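S.K.: Sequence:
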Amino acid sequence: MAQKELFPAMTSKRETVLITGAAGFIGCRVAARLLDSGYKVVGLERPGCDLFRVKRLLPRMKVYRLAGEKAASVLRKENVDGVIHLATYYRKRHAPADVGPMMRTNIEMPSLLLEAAVAAGVKWFINTGTFFECALPARGPLKETAPLAPWNLYASTKTAFDGILKTYAASGAMKAMTVRLFSPYGPDDNPDKVIPYLVTSLLRGAPVRLSGPGQKLSFTYVDDIAEAYLRAVKKAGRLLRHETVNVGAARSYDVREVVSVLESVSGMKLAVSGPAAGPAVRPAPPVVADLRKAKALLGWRPRHDIRRGLELTFRAYVKKRC
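At position 51 of the sequence shown the residue is numbered 50 (numbering that gives the first Met the number 0), and the sequence of numbers has no breaks.
These are calculated hints, taken from the structure and not from any lab test.
Please read all numbers here as calculations on a predicted model, not as lab measurements.
Among the hints, a few may not be true.
[What the hints assert, rightly or not] Cβ-Cβ distance ranges computed for the label pairs, FRET-style:
#1 F51 to S210: 27 to 33 Å
#2 R300 to S259: 22 to 28 Å
#3 A315 to K294: 24 to 30 Å
[Unchecked claim] Dumping the calculated EDC-like pairs for lysine to aspartate or glutamate here, alpha-carbon to alpha-carbon at most 20 Å:
#4 K234 to D49
#5 K215 to E256
#6 K294 to E310
#7 K54 to E242
#8 K294 to D187
#9 K69 to D35
#10 K142 to E242
#11 K233 to D35
#12 K319 to D49
#13 K233 to D222
#14 K268 to D253
Cβ coordinates follow ideal geometry from the N, Cα and C atoms, glycine included.
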C-alpha cells in the first residue's frame, strides 16, 4: 500500500491580472507574456474596440468591452488579484474635441477603476507613465526623481492620475507602482508614430521628409517592455510604498540614426529629404532613461538593442505584407 503523504504539496492559486488596454500595441504583448508565465489574464476594453492585435490570445483569455464605471463587476466576478493599467487616450497636440475624452480616459476611468479595485479587495495596481511628464536634465539620464513638468495636456492627465494613485498607496488602500515608459516601438505599433512611418515608407518606396535629426530618444522594444511588466507583477504584492520605475533603452538615438540602422537591417534605401532652409534650431536635450532602479527593484534591463529591435520590427512588417 502506498504511504499517504503527511504533508501534501500545497497548490498555489493562479494569480488573475486584469489589463486595461489589453488589445493595444503594448497591452497585447504584456497579456501574452503573462499568459505564457502561467497567469490568468482578463482584458478590459472600451465598447467597440478593435481586438485585432489580441485575437490570437482570445482562446486563452477573456476580454470585456465595458465602460470604466462598470468594471467593478468584472473585478469581483473574475476574482482579480491585480490590475495593469495601460489604456490611454493619446494626442501629442490636442484639439478642443480631445479634452473631454482625454480627461475621462486618462483620469476619470482609472480613478473609478482604482476605487472599485479597493472595494473588491484587489491587492495591487500597476500604472503606466511616460517620460513626457518630466523635466529633462541638461545632461545625464532621466531619473525617477526628476521634477514633474508635463510637456502637453496628455502628460498632464497622466501626472494627475499618478498623483491620485499615490494618494491611495500612501493611505495603505492599495500597493502600487508606476512603470514609466520611454518611446516604445515594435510590430503592430500605431501607424502615426515615427518608426512605423519609416518602415512603411521604406516598404512602399515612398519618400519621407524629416524636419531635422530631432531629439535623441530612448527607443524601447515592446518585448522588453512586456518583460518589465511581468517582473513588476511579481514584485507588486510585496511593495511597501508607491514606486516609479523607468523602463527604457540604455541608449538614445535621433531619427536619422534610426534611418541608418533601418537601412542596414533591411538592405534597402529610404528616400529622405531634409528640412526647408531656415534658422538653426537648438536641439533639445537627449532623452536617456536611468535604469539603475529597474535593475535593482525588478532585476530588469533591455535585451534588444536598436539594431535587433528594428530588425524584428522590419521582418514583422514584411511578413504582414506577404
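S.K.: Run every hint past the structure and note whether it holds.
M.R.: For each hint, the structure was consulted:
| no. | hint | in the structure |
| --- | --- | --- |
| 1 | F51 to S210: 27 to 33 Å | holds, 32 Å |
| 2 | R300 to S259: 22 to 28 Å | holds, 24 Å |
| 3 | A315 to K294: 24 to 30 Å | holds, 28 Å |
| 4 | K234 to D49 | violated, 31 Å |
| 5 | K215 to E256 | holds, 9 Å |
| 6 | K294 to E310 | violated, 25 Å |
| 7 | K54 to E242 | violated, 33 Å |
| 8 | K294 to D187 | violated, 28 Å |
| 9 | K69 to D35 | violated, 28 Å |
| 10 | K142 to E242 | holds, 13 Å |
| 11 | K233 to D35 | holds, 14 Å |
| 12 | K319 to D49 | holds, 18 Å |
| 13 | K233 to D222 | holds, 17 Å |
| 14 | K268 to D253 | holds, 18 Å |
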